[in-house]
Structures are given as C-alpha cells and as structure tokens.
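> As a plain string of letters, each chain reads:
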Amino acid sequence: MAWIDGALISARPQAVAALLRYFRDLDLAEEAYQDACLRALKAWPKNGPPRDPAAWLIMVGRNAAIDVTRRRAKQTELPNEDQISDLSDVEADVVQKLDESDYRDDVLRLLFICCHPDLPQIQQIALALRIVSGLSVKQIARAFLVGESAMEQRITRAKGKVSGAGVPFEAPDAVERAERLAAVAAMIYLVFNEGYSAGADNEERMAFCDEAIRLARLLLRMYPAEPEITGLLALMLLQHSRAAARYGKSGEAVLLEDQDRSLWKKAPMQEGLALIEKAMRSRRSGPYQIQAAIAGVHAHANVASETDWVEIETLYQALERHTPSPVVTLNRSVALSKTQGAEAALNLIDPLADRLDGYFYFHGVRGSYLKELGRTKEAREAFSRAIALANTPAEAAHIRQHLDSLSAQK
Amino acid sequence: MLYTVLCYNDEASVFAWSKEEDDAVMARLNVVHEKWEARGKLKPSIRLLPTSAATTLRKKDDTVLDGPYAETKEQLLGFYVIDVDSLEEGLEFARELTKANPGGAYELRPIMIYNPGS
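Chains as they are written, first to last, in our numbering: chain R, 1 to 410; chain F, 1 to 118.
It should be emphasised that the hints constitute simulated quantities derived from the structure, not laboratory data.
Predicted model only: the values in this text are computed from it and were never measured.
Calculated pairs, DSSO-like style, for lysine-lysine (alpha carbon to alpha carbon, straight line, at most 30 Å):
1) Lys41(F) to Lys266(R)
2) Lys338(R) to Lys377(R)
3) Lys138(R) to Lys19(F)
4) Lys42(R) to Lys19(F)
5) Lys266(R) to Lys19(F)
6) Lys46(R) to Lys19(F)
7) Lys249(R) to Lys19(F)
8) Lys35(F) to Lys266(R)
9) Lys265(R) to Lys35(F)
10) Lys43(F) to Lys266(R)
11) Lys19(F) to Lys265(R)
The following label-pair restraints were derived from C-beta to C-beta distances:
12) Thr4(F) to Asp173(R): 38 to 48 Å
13) Glu378(R) to Ser18(F): 46 to 56 Å
14) Ile82(F) to Thr376(R): 51 to 61 Å
15) Glu203(R) to Glu11(F): 17 to 27 Å
16) Lys35(F) to Ser405(R): 48 to 58 Å
17) Arg47(F) to Arg24(R): 37 to 47 Å
18) Ala70(F) to Gln34(R): 26 to 36 Å
19) Glu306(R) to Thr4(F): 30 to 40 Å
20) Phe169(R) to Leu2(F): 48 to 58 Å
21) Glu92(F) to Gly160(R): 52 to 62 Å
22) Leu97(F) to Asp67(R): 48 to 58 Å
23) Lys249(R) to Ile82(F): 35 to 45 Å
24) Lys266(R) to Gly103(F): 31 to 41 Å
Note that the Cβ used here is the ideal one computed from N, Cα and C, for glycine as well.
So here's chain R without its partners, still in its complex pose (with noise of 0.2 Å):
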C-alpha cells in the first residue's frame, strides 16, 4: 500500500501542526496523528483515498483523541471504524475550515518550535526529523551513531524544553512571521548540511538531504511568493544534485573542479535552476537566493574550464554585502584567483589570516595560491598548518596531495 504510505508521509507535517493547536500539547497531538494513521490504514483501502488527506487524519486523530480521554474517564466504548470513516459529508465542512492560512500557520508553529534558540544545533535537526518529518528514532539514532535510548532521551529532552518555553499559539504578525520562517529557513539548511556532510559512509545521514528538500517544498507551497524559501529550495536542489559525483570509489571527497558532471542529476539541476531565475525576478535578493545562484553558475558549465568565474565572483561580492564574514571573502578569493590570478587572491585573504587562523580551509587555499605562486617555503608551511587543523581523514589527505607535488617539483 504504498500509495497509503506516501500520502501518510506528505500529510504529517499538516495534520500534527493542527492537532498541535487542538490540543495544545506535543506528545498529546502526535498520539492522536498516529492514531489516525492506524484507522487510515484500516479505512483507506476499503473506502479509497479521501479528497483531503490531510483533513481526514487531523478530523479523526481529533475525535480519537477526544475519545481516548473520555475513555480514560468513563470507560466508554469507541466508535467503530466504519462510522469514523464514513466522513464523505463531514469532510467538505473540515476542507472549508482548514484553509491555506490555517495551515500556514500551524505548519509554520511546527517548524518554528524545533529552533528554539536554547537547543543546540542538533537536537533542533533531530526535534525536526521526530516531529516534522516523522523518521523514528531509531533512524535518526542511527544517522547520528549514537544508541536509540540515548537519542530518544535527547529527543524527550528537547520537547520537554520547547514546552516549557511556552508555544507560541497565537497567529503571527507579519514581522514575527518574517522571523519564524527566517529561522525555520535556517533550520531547514541546517538539516540539509548535516546530510551534505555525511560522508559517504553514511548513507542514513546522507538522507537528511532528500527530508530538508521535502520541507523546504513543504514551505514554498505555503508561501510561492517568498523568494528566500525559493532560494533556498534551489540552493538544496542544485547542491543535491551532485551527490553522486561528490565521493570516488573509495569513499574520498571529489572537488567540483575534478567531479564528473555527467553523474549530475538533471532533474534537480533544472529545478534549481528555473527556481532561482524566478526568486531572483522578485528583485528582493538574499544569502540563500545568491548562493542558489552560485551553485546555479556551476551547473550551467559542462565542464569545470567553462565556470564563469567572473560572475560568480560578482555574486560573492554581493553574498559579502548581504552577509559579510570572513568565510565568504575567503570563498570570493577562490573566483577571484580565476579571473585575476593568485596573488590579487592573497592579498584578499591575508588580512583574514587573525580571525581564520583556526580555519582548515583557510590555510588550505592559501597554500594553494602560494603554491601557485611559486612560493614554495611558504606553501608548504601553511599547507602543513591545514593538516593540523583538518577535520575529517579526507580532507587531510587531500592537502598532503599538495605537499606530495611540491616534493615532487624539487
């Protein structure tokens, strides 16, 4: 049934978020989610799909609800199925209730509850994962590589944090809607870049990719006018659709430059693309509509000796104005070392080298240029600093490839 299951899945996010403003209550609202689950798994394949189903299982986990209490009171009996699932006439009436801006909303609420500032950074993505998109525990533990207790407790830990900070159940004005989907954009980005970095190894992790999409398309249905969420969907697809090219056969990281674009997915790619042309119409630009663009430059070229540096160094210049940090200089300094050579690149990075000095990448790139350069002494030096700084095998290996040519030159 696996028609059941997919419109199960597409239809949480919706119907937790209504019984979360039923019922006012997490645990209370998933409960009831999951017991509607159980009953449209029974009614469906009799009764075929309702109209709404979305609808039917925020209609049915609230009467389930309600009669679970009333039972834990009164011992009374429970409806049987058939009666709950002839909605045929009841339903029209729910549809009508639970218009677009109801969903929005409470969608929004879902979202916006997993960043909660106090929780750090992974127990948000894991809150989200839980609530959200409904992935057990014991994937999410697994993805993790920690123990199932372990991760339900962080899991319970979470809730029990984001309820005692009070939900926010009345509706947003439009400043703070701004804010919750500015931090919920985020969250989403956080989740995705948790897949990004897997490795290859990982492959339930990897699959953090493919849910943040869901909820970033998830998002953009609810507000098609947000060009941000736009960006930010196209930035995801564009990324995600180089997976398979980023990783050889043994597992290490290809650089853009070396992959092989035809592993490419074009679906993703012509996605990304159409999206980020029409964000960028809106003329309201943003970090994720730019980066989305960045990403949007490299796909247009078939092989890497095609890239546009220029614009793309020009879209960094504008990712500085939007976000300026250091990080994304040193980036521009990568464009830049294409269109106007290493040494105009250095000189853009070395006021950096106080603030980026614990930065693997940092050093990393500047031996590259002063490789480039030939300025071999020094390169080797700050070449030898990223090994001590790299985070993960791969990357090391890839900088003693540098030293390895350097010894070669000699």
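Start from chain R and add chain F according to the hints.
Then chain F, alone, in the frame of chain R:
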C-alpha cells in the same frame, strides 16, 4: 490520431515517495513505455517540473504570478514546447501570443524530456 495523455496526481504525496518507491514505479512504467515505443506509438514523454517552479502570466492585465495557474473555470486548451534561454524570453513569447489571443492565462513550467519516443 495524435493524443496527449495528461498525468494528474497529488504532487505532495508523489514527492514523499522514497527512492525505492520512485524507482519501482519508474521501472513498471518503463515496461509499458518500451512496449508502446516498439510499436512506434509512443511519442515524446515529458515530465513537468514541480508547480513551485511554475510562473503564470495573467493575460488581461499582464501580471506575472508565482506559481501554477490555479483557477478551475478555464480549461487547458493546448500547450507549446519552447526552447528559450531564460524565463524572461519565455514570457516574451507568451506576451506576443497574448497580443494575438487575449483572455485566459499562460503558465510557464519547466519540463524535462525523459523519453524522446519513437
């Protein structure tokens, strides 16, 4: 006789399919595709990219809207396939069509040809 077979389903739940589910569906579809292609009866098959990638030109006031054409009182009367450099160029085409034929709307949706057909 040429026919087009328009495919409808709930986008959100199709996008909730797991990779295995998606692969399984595609494998089953491909059996049908191959059979009809061998008979020379299957022409290009096209996948529309999701509605979030759509842009709609409302003809009466030349308004460009984010998203698909959502009204239900008009019917789908036809479609063009165009190969343009940008969404802007696509809109330019749609605006020229509008001058020739005002009323209704044009939805521009990126597509992918996943099977050129026989």
